[in-house]
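Chains as they are written, first to last, in this note's numbering: chain A, 1 to 305; chain B, 1 to 331; chain C, 1 to 331; chain D, 1 to 511.
The hints are simulated quantities; they were obtained by calculation from the structure and are not laboratory data. No experiment lies behind these values; they were computed from the predicted model shown. Watch out, some of these pointers could steer you wrong.
Claimed, not checked - Using 20 Å as the maximum straight-line C-alpha spacing, the simulated SDA-like pairs for lysine to any residue come out as follows:
(1) 427/D to 372/D
(2) 384/D to 277/B
(3) 175/D to 186/D
(4) 404/D to 277/B
(5) 133/D to 176/C
(6) 132/D to 128/C
(7) 58/B to 66/A
(8) 429/D to 288/D
(9) 136/D to 123/D
To be verified - Chain B residues, not near chain C, derived (Cβ > 10 Å throughout):
(10) 36
(11) 41
(12) 44
(13) 52
(14) 121
(15) 225
(16) 309
(17) 314
Beta carbons: idealized from backbone N, C-alpha and C, even for Gly.
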Amino acid sequence: LTGCSSSGGDSDAAPKVIAFTSGNQTPIGGWWLNNTEAQGTELGWDVSAIAGDFDFQKMNPAVESAIGQGADVVYNGFTDIASIASIVTASQDAGIPMFAIDAGTEPNDGYALNITTDQQGIVDQTLGAISDAIGGLDGKTIMVIGHDPHAGIRMRSGLAADDIVAAGGTLAGGAIQQVVSPATGRTEALALVADFITANPGVLDAVWVGWDDAALGAVQAISEAGADAVVTGCDATSEAIAAVEAGTMLATVEQPWPSINDTIMDAISEYLATGTLPDSNFEMVATTLVTQANAADITPSDQLG
Amino acid sequence: MTTTDNNKAPTTTSIVVGHASNAGRWMMQGGTIVALVALVLFFFLMRPDVFLTFVNIKNILYQVSILAIIAGAQTVVMVVGDFDLSVGATSALAGATAGAAMLGGMPIPAAIVLALVVGLLIGLLNGVLVAYLNLSAFIATLAMMTSVIGVAFLVTQGTTLFNFPAEFNELGQGKLFEIPLPVYLAIVISVILWFVLRYTTLGRQWHAVGGSVEVSRLSGVNVRRARLLAFTLAGFVSAIGGVLLAARLGSASAVQGEDNMMFSVAAVFLGMTILRSGAANLVGTMIGVAIIGVLSNGLNILGVNAYIQQVLTGAIIIAAVTLSSLKHRER
Amino acid sequence: MTTTDNNKAPTTTSIVVGHASNAGRWMMQGGTIVALVALVLFFFLMRPDVFLTFVNIKNILYQVSILAIIAGAQTVVMVVGDFDLSVGATSALAGATAGAAMLGGMPIPAAIVLALVVGLLIGLLNGVLVAYLNLSAFIATLAMMTSVIGVAFLVTQGTTLFNFPAEFNELGQGKLFEIPLPVYLAIVISVILWFVLRYTTLGRQWHAVGGSVEVSRLSGVNVRRARLLAFTLAGFVSAIGGVLLAARLGSASAVQGEDNMMFSVAAVFLGMTILRSGAANLVGTMIGVAIIGVLSNGLNILGVNAYIQQVLTGAIIIAAVTLSSLKHRER
Amino acid sequence: MTLVEDTIPVSELGTPALAAENIVKRFDGVHALEGARFSVQPGEIHALLGENGAGKSTLIKILTGVHHPDSGTITRNGEKVEFANVRVANAAGVVALYQELSIIPSISVAENILLGEQTPSRGGFVQWGALKKRAKEQLESINQRKIPVNALAGDLSPVQQTMVAFARALATDAKVLILDEPTASLTDTEIIELFAVLRSLRDRGVAIVYVSHRLEEVFELCDRLTIMRNGTTIITKDVADSHIDEVISTMVGRNANELFPERGTATDEVAMEVLHLNGRRVKDVSLEVRKGEVLGIGGLAGSGRSELLRILAGAQKHVDGEIIVGGTKLPHSPGVGRALDAGVALVPEERRSQGVILDASIQDNIAVANIPTVSTAGIVSGAKISTITQRGLADLKIKARGPKQHVGELSGGNQQKVVLAKMLARKPKVLLMDEPTRGIDVGTKAEIYRLIRQLAAEGTAIIAISSELPELIGMSDRIIILHEGEVSGEVAADVADEELLLSYCYGKSQS
Ligand SMILES: Nc1ncnc2c1ncn2[C@@H]1O[C@H](COP(=O)(O)OP(=O)(O)OP(=O)(O)O)[C@@H](O)[C@H]1O
Ligand SMILES: Nc1ncnc2c1ncn2[C@@H]1O[C@H](COP(=O)(O)OP(=O)(O)OP(=O)(O)O)[C@@H](O)[C@H]1O
Ligand SMILES: [Mg+2]
Ligand SMILES: [Mg+2]
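Bound conformation, chain A alone:
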């Protein structure tokens, strides 16, 4: 309703863009907020950046009130659709389109565009690396460590578990192992793997972990137990890349956030200029497997800028 009126005119008011993320306490979230604000300002936008500290009780009202004060575009960084239902309602009511980066694993009508990474692709890459390293998945015992509260990790750990079973492998412990709190992810994964190895000596072939921090705990447990299972993670943090280079971790996955962000910024510019929204509201982008071979060339996700 309101959005289009000012969208074409670059003369009077600068277009207003609300950029918010709940994950500003993570390196990627922090990078994204800064990057978007900087790029947007360069493009002549009036960017209001809202940081949520994982506290939706605080963030959602802030975003909604910004929406209430008028805006042209809402840009969601890394916040799962489930947690921002009230923001989606508010922006729909105000007729403001919401663009998003990695904010849900499925198409959702709440978004004009959400670009995320290809979760199945990530699983294919990591399980492929595991399979190559241990000679196929059939008959192998693989532990999958996930964290259900995180939508992306939840989806990919589910896919990985399914694929392992489909390929004839066994899930260590009979199910996906859950880390309860991301803050203690590394310690929890360490204990999970160490205790499993103790309880089932010589059984574990590989550990597939949904994110690098916990993967590093698994790596440590395996090296301390003197076991020979391989570990993969996801995110390409500098620590994980170093572990891959050192050979203690088999692989991780780089997700191309800078280029994804550029794509979305373009789509927003396009919308602000012409009022046209992207044809598809959901896009999945391919990722890069990081192994010892290419590790040196990857920019770590916590050092994007």
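Chain A is already provided as a structure; the job is to place chains B, C and D with the ligands on it using the hints.
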């Protein structure tokens, strides 16, 4: 012995009535109120165009409404001289329960009632542990918190539940005269709690028990029942807060509103400083809630880095409580 | 009036001496010990091939070593009758400080000393707030926790620091006779703390203050200094735990080891039940730590779902404390 | 009790061991001390006397660095001193046993006796052997060999705890020893021990300040006395030159009336009947009390008197036995609430921990016991609370700024009146009082005795415990003595004498 002896009192009486006058008695301008006024003034001077506008005040109220409810629950327990560290977990479980029930097809009112019953039962269990089995409230509610979060994870299966019926979300997101519903609800619940604490026999008993368990018992107060009911009410009110939070966010997760526990305790503590007796009290708690709300909103408006915000929040809570304690220090 | 009247005393006295015999005095087989034995037995019967093997016991010890250190710090503060909710945050900041310093090129010993000094200063600050400004330990250390986590985020710039020198990591990951170094360190620190609490004048003053602040003060104990030193020591020991955790994981983040706060309090509470006086004590704390460690390891070995583990952890803490309290209940 | 002949008047005064001049101290606008003056010589026992709230405890706290005076000077051996805290005072040889001071229940007896600076240590380490040895010696010096030094102090009987606190005060090697009502909870045996020790200390040149409301003790023990009133010092003189009536009238600022009022006449109607009651300590106690009768209960410490009253008030469970009030049998272990409803009210023994909430106002304290009677349909009436509070303040002549003053700020006697007011507002049929005048000055004592009589005249049945035999005889109509939980004697008060009661106390049953 003649009654003239009583005349020695008057010389001091007049001086003291100053403090003890009806209004002044339970509202001494403690450091907490000073801190609130100072914060409001500071943010107003920094951003006179924004801070005290209708929209921003509405924002602050909206942002603290659920904390206010949970801090109200915490106040009840702290009046009795205990703690409830499980209020945050209970509210999360209540929200998750309502959410899961609705997604499972239960009608909205039934789902809400179910959630409130869950909260009530957790409170009851806390009460039994503390009042009848004599566990320390600290350890009992800490362990309860752990278990309740675990149950909430099971209820949500570790995910964030969403896609609730619009009518449910309306409870948390709807507006009346421009003001969001949770604000009204927080006010209504606070007033009810204030009334219960101040004017009911149960409220009186809570205050007495908080003053001295032994004296209360020897004065005929059923101490165990009083403590049990305080915890039960706290569980119930926390559950209201949790249901409202789920409606407000349109989603529910096991760790939702995690910091409400910590902030509720902080708010009650801030509020305790305004009474000379140092007892928990609802008016004080709401001042504490306001400080927390103003601080977070104001720092956001000034665009202060999130980490620095966190450092400042702790520092300002300490400063406010210290200011009040200086007054009482000389002994 | 004759002195024979004194003979009425023995009837009660002899009963008391009964409890008070030297060994039995501070080690009554309370519910906590029963709970530990029951847990060990249960897990042993479920997995006789695994649970009590050398490797698994080593695992348990390794897993609880840092919690044991932090729970030791918490014990000191709780002996004095206070709480320190900032132990977890302090340990995280200490780890982060050591890490950042080493990455900035500081030599390992200097970085460690710096981290320990930071912990000591936080403890000192807590102590000043509680002992000299008379803040409630609860609110002071809660607010301190908030600020300290903020500072830790600033120090780590929100990332996880790693790439520490191998010699540093060796501290947390190295082994001596097959046993990881942190296990030795935890034992050494616990023994030192036990010794300090039991055999030094300061330790005895802490016990006196914990028994009654007012009586201690009127009897010439320097109550403020005693409380200040308890908090300071707790900050220092927590920092040791934090440095060790960073070395053990080879990395440091602002929220690392978050749950150590809660578990340390739970461990001390579990341990308090073994003394008839209900006072915090190091031996009891270590039993509490053992319960928490055995529970988590055993449930992992049985492959119990993490959320159910959490529910069970809370329930078992409650059960253990309740069991002990039943003994003391009759009044 | 005889006035002992060994009181030596201190005639030639040298430099006082400790002296205070013109001490002024206010708390939140209350003048606790207004120019108080006091001095004690080495080798004398100096009584400090005064009504409740006269400022004795405050003065003592100022003399020992607990409080700091607003103005005034303190001298020790003639030199001006300012004690920053208790430790500094102790280091200067000035040590007090405070009125409310007790022991630390969670640590051992030995540690309690040698707390803080007194703990034998070397290089910061406690020497446990020396600690126990010295603690044992201290206990022996006050003839308390029975108290085990390894026990937790909290396991001792209240009397033993007081003796431990006393042992601690003596362990400091004080040159000036101040005792604030040390005998309030002791029985005669311990008092005799205590006096012997104090006399030998005096003979060794220690200056002793002795605060007590038991004037017989003062006349037996002390050399000089100082009387305070309303925060100022009225007079200091030799005990030998004083007379007890004159002391009382100086303390209260008016002539002493007859301490105990006339006995009334009890009715024949039984208000409460107790049959074969057994508790933890109480054994097969049967008794009855009639409307308008004051039944006194005596016995040694630990004889079960308090337990008996607590059981009757529903505050403690009993094993078996019946309690019948006004013809109706109370349910077994009814709980305080139901006992109150049935008309049985208890004024408990420990005022500060059982009687009043120190941090609450007078009004709130009075309300606590009256919640059911001031509320309708669960809602409390502020007006009704106000009414009963005003009535209590007036009827009992409570000295306070008003109904909203915090009880913690009142003096002991007025706190006790608040406890009474709280229970009397319930209009009890049977009023149980456990040591109703403990730590209360003579003036207020007389008021309470009169009140007891007045209540009896109005038809209330009263059961009152006292450890002071003259009081027991003076205030009661009939007296029952307990010995190890059993009734060892019963006698009408007007024919009772102390010797007889005492023999019952020691278990010589009536034949
Ligand atoms: N901490 C305090 N705060 C406020 N007022 C106080 C405090 N301590 C004492 N007072 C007041 O000072 C006055 C003197 O009290 P103090 O305790 O010294 O009397 P006392 O002579 O020892 O009486 P008692 O015989 O009852 O022990 C009283 O009016 C009392 O209410
Ligand atoms: N050995 C003991 N262990 C624990 N508590 C005791 C012991 N002896 C007495 N008590 C407690 O002390 C209090 C007083 O005891 P009791 O009723 O037997 O004595 P009393 O005759 O009133 O004497 P007192 O003058 O000491 O009050 C009671 O609450 C009782 O439970
Ligand atoms: Mg006094
Ligand atoms: Mg008694």
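Index of numbered hints that the structure contradicts, given in increasing order: 2, 3, 5, 6, 9, 16 and 17
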